[in-house]
Amino acid sequence: MNFLEYFCQSPKFKKRLEEMRPRLYKMAYSWCHSGYLADDLVQDAMIKAMRNAKSLRDLNAMNSWLFTILSNCWRDYLRQQKPTDDIDSCTFTNDDTPELQQHRQNITDIVQQAITTLPQGQRQVLSLVDLERFSYTEVAEIIGIPVGTVMSRLNRARKALSNQLLELKQDNVLTQETHIRVVK
Amino acid sequence: MKNSKSYSDEHLNAFIDDQLGTAEKAELLDALRHDTELSQRVCKLQKVHNLVQLSYESIAIPDHYQMDKKPVAQSKFKWVVAASVLLVVGTITGWYSNEAINTKSLYDIAEINQSNSATNMEKWRLMLHVSTANPNRLNIVLDEVEALLEEYATASKTLELEILTNSEGLALVTNNNQQYSQRLQKMQQKYRNLVVMACGQTIKRMQRTRGRPVDLLPLTNIVPSAINQIVKRQKQGWTYLRI
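Chains as they are written, first to last, in my numbering: chain A, 1 to 184; chain B, 1 to 243.
You may find that some hints are simply not true.
Okay, derived cross-link-like pairs now, SDA-like style, lysine to any residue, Cα gap no bigger than 20 Å in a straight line [as the list claims (entries may be wrong)]:
(1) Lys48(A) with Gln80(A)
(2) Lys190(B) with Glu144(B)
(3) Lys78(B) with Phe13(A)
(4) Lys159(A) with Lys5(B)
Per the computed footprint, the stretches of chain A lying under chain B, defined by three or more beta-carbons under 8 Å from a beta-carbon of chain B, are [stated by the list, open to error]:
(5) 22 to 36
(6) 118 to 132
(7) 147 to 155
(8) 158 to 164
Hints in this document: simulated from the structure, not taken from any laboratory. Using N, Cα and C, we set each Cβ at its ideal position, and we do this for glycine too.
Whole structure, please, built from the sequences with the hints as guidance.
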């Protein structure tokens, strides 16, 4: 970034960029499920955002603009590297300990584990819609795919998660019935 | 009314994600009231949606993502640098444009070292100390002096005016510069209250360096030392302006 670009950036832009960092991190984490990698992706996206600040004409469109950059960073990363499984996160057959059993009961971990089984494309669409509440059109623009593809990917992702989380684990806490009562 | 199976999963997802139009939404809401199977399908999708949201809510954000006072400091730094740049640019611009500006008043170009508090406008004694050869300044001095002498002569007020030259200011009283010498000589002939002086020390120095006498205007008085003359006049209550 050159000297003039730095001074020409509006304080609003910088403030919004700073505010968006945690959200970008969450999104990146939902895609890669690695804190370090998410951090790298966000840093990369922030640098690119600052360098290309001039291309953002409307601050109101900054959210989708930033997530587009993040999505591009994620795509670049995937192109460069083949997906690998972290050896530390692998569960071996004989490693089933009470702690691990308790760990599996945690809803968050169960859901996140289920999400990791989804293909990258579905995972990306799902997180953009569910976490950031982007419209289908915005998601299509961010990832660069047709709206129809967004809808079908989302549908497949939710169906897969529904199968894993709601139907196959009948004994799991997730499927326990919720009774709604009126308290007077 | 459509039955449960006529609504695709994509359509139900769009309903959950608030992507349907008002009419479509109203129609589906109406169908949900009567169709239990459809309600269950929507509930499942909604549950998945909620679970995904919930699972990422608790992600620990690294400490360095928390907003601190750094942006404020950067902002201040930016303004400090901007102000410094402005100051430097202003100084440079002012420095180089100084000579180009056509100063209108003698006071604008003079350094007022002492202003006589007892200035009596009926009788004013003014010493102009010229120590520069800058053509702009010398022309302004001559313009102002002429205007001043004329004004006082017209108003029948007394003005004693001395132009003391030293250093480079000697250019005003040498015969080498026709543009000044002729004008000054005319004024001296016209106004008797105008005295032109040159510093003896400067003349000696110039003669030493050039190896020939300095050709001064005929009516130029030579004072032994400009400094002595200035001190003397200031003691006598003269107004002193250094050009």
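State whether the coverage of the stretch 118 to 132 of chain A by chain B holds or is violated, taking the criterion as 3 or more residues with Cβ-Cβ distances under 8 Å. Holds, because 5 residues of the stretch 118 to 132 of chain A bring their Cβ atoms closer than 8 Å to Cβ atoms of chain B.
Hinted pair, alpha-carbon criterion (20 Å max): Lys48(A), Gln80(A). Please report holds or violated. 18 Å, holds
Under a C-beta cut-off of less than 8 Å, do 3 or more residues of the stretch 22 to 36 of chain A approach chain B closely enough to confirm the stated coverage? As far as the stretch 22 to 36 of chain A goes, the hint holds, because 6 residues have Cβ atoms under 8 Å from chain B.
Assess, step by step, whether the Cα of Lys190(B) is no farther than 20 Å from the Cα of Glu144(B), and give holds or violated. Within the cut-off at roughly 15 Å; holds.
Assertion that chain B covers the stretch 158 to 164 of chain A - criterion: three or more residues, beta-carbon distance below 8 Å: holds (count 4)
Restraint status (C-alpha distance of Lys159(A) to Lys5(B) at most 20 Å): The hint holds at about 16 Å.
Proximity test - 8 Å, beta-carbon atoms, the stretch 147 to 155 of chain A to chain B, at least three hits: Contact hint for the stretch 147 to 155 of chain A vs chain B: holds, 4 residues under 8 Å.
Need the status of pair Lys78(B), Phe13(A): alpha-carbon distance at most 20 Å? 15 Å, holds
In summary, this structure violates none of the numbered hints.
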